[in-house]
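Engineer: Sequence:
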Amino acid sequence: MKKILYILLFSIGICGCGDRVLNIADPGNFTAESFYKNQSDMDAAVIGAYGKLRDIFNNPSLPFWGEIRSDNSGFYSPSDEKNQVNLFNPLMENSPSVESVWNSSYYAIIAANTVLEHVDGATYTNETIKKQHIGEAKLIRALSYFYLARLFGGTALNGQLLGVPKLIQHVGAQEARKIPRASLEDIYQLIVEDLTVAKTNLPPSQSGTNVGRFTSISAQALLGKVYMFMAGFPLLKGTSYYALAATELKSVAENGTMILVPSYIQLFSSVVKNSSEAIIEIQYQSDLSKGTGNSFQSQMLSNAAASAMVPAGDAGNQNNKPTPSILNAFSPGDPRKSVAFRPGYIQSTGSYKDEAYGHKFWQKLGQLKSDVDSYSNWTCNWKELRLAEVYLLYAEALVRTGGDKGVALTYVNKVRARARNTNPVEDVTIVSIEARYTSWNVGIPSVSLKDYVIGDFASDSQFLLAIENESRVEFALENKRWYDLVRTGRAPVVMKAELLADENVNLTWNDRDFALPIPQNVMQSAPGAIIQNTGYTQL
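Per our numbering, residue 73 is the first one in the sequence shown, and the count goes up by one each step.
Quick caveat, the hints were computed from the structure, so don't treat them as lab data.
Every value quoted in this text rests on a predicted model; they were computed, and no experiment measured them.
Mixed in with the good hints, there may be bad ones.
Simulated restraints on C-beta separations [unchecked claim]:
(1) Thr580 to Asn230: 23 to 33 Å
(2) Ile526 to Asn230: 42 to 52 Å
(3) Ser348 to Pro396: 49 to 59 Å
(4) Asp532 to Met164: 36 to 46 Å
A virtual CB, placed ideally from N, CA and C, is assigned to each residue, including glycine.
Please model the complete structure; the sequences and the hints are all you need to start from.
Structural biologist: In structure tokens, the structure reads:
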């Protein structure tokens, strides 16, 4: 574990890659004196920056904040750091999980900054490629700051709404330690500026070995999503920003080159990558020698399921279980339920255990350890932003701005129709244990996953709750739920109800819980330079 952000600023080398394919490892580190000389060098540096995103989304702590913190799943391990997340006990400033997501995000920011600092000094034979490199680096930086803003942005002990330290260029070690937290407004403004440039600089599509690299659609869709978060809590910019979001999201939703993948099951296949629905997709490829495989299957398993289903010694300490409320959020017969979750598993003894577990991105057909490779080295891509999310965000933005509700219904119903038309039989892992799914109505066409009509909603509030639930079931286990509960202001009421029902805990909400503490090692690097979030200790 790296100790502080500021060590990272100066110890990290420049990660490059000679191959133009994104899902391979960075072969080494380079110095400024020997690198960044030409277009090929800069392309390698850009691909190295993409590799740092891979580290963010492969970080085992990321689900703590997107899923476990929410009402979708929970850890059930007394006296465990993860249980603090689940039960809203005060997190510790020295939490390894908090520090890990901070560090991995800044690694990506540093790599992106390195590209931006050297691009003008390199010799390019194609100015369009130079613009693309700038756009890619800015989008990588924007996405990394977007996570940091949502995780650590909050009301600080001085009463101000603060984000994180804003690093946009290389600085010396002593100077770096003195960089305070920027306002949350400033961090979001940097994100908007970066995405605006990226939208202009990036090509509308990629082909050949460049498939998987960012496009102008990637930047525009993320910009629309960022505006949705700026409109909501804690910045509370309101209707004008929902309108900005609607403009960006509409353009992506109406782009004729993108369509939903016909089957929901295919989205999480190791075979279907960078599909017609993909907008931002983090590339992974199973290769132990290069460290480019993913491990997010392990993040979705309960400890017992992991012990039974993966190779001995490789189960880790995950203890992630879906909550009853997420299992009940699916309409009867909704195929998405059996893609995201399984009702139980066959233990190594051969007996069946009735205990639901997360199943998205699961690649192997078998249910036993002998059938499964190391789950730290799998090859599915992470779908960070896909067309279905654009549809649902656009529908929400229309409702919140008094826009055309008929159009909003159209896009919500597109998502529901794809789910409704997905055939669970396509998922061959169901066949061997089909009898276990009786209570989930697997294989029975959904009678309640119908198209919505305006008359289904007596108010805009009801319509918004329907969109919220659609998003919850569509993106279950994709690390989105908690952030949506925060931006809509619904986290306190939802989590108080969830903990009472599932844990018999009467939660007294504390606004401290909206944001993570600034890591202790960061605070200790320059005592007093960085103001801690409210509810935590100033060092």
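Engineer: Please go over all the hints and tell whether each is borne out by the structure.
Structural biologist: Here is how each hint holds up against the structure:
1. Thr580 to Asn230: 23 to 33 Å: 24 Å, holds
2. Ile526 to Asn230: 42 to 52 Å: Cβ of Ile526 to Cβ of Asn230: about 47 Å, so the range 42 to 52 Å holds.
3. Ser348 to Pro396: 49 to 59 Å: 35 Å, violated
4. Asp532 to Met164: 36 to 46 Å: 41 Å, holds
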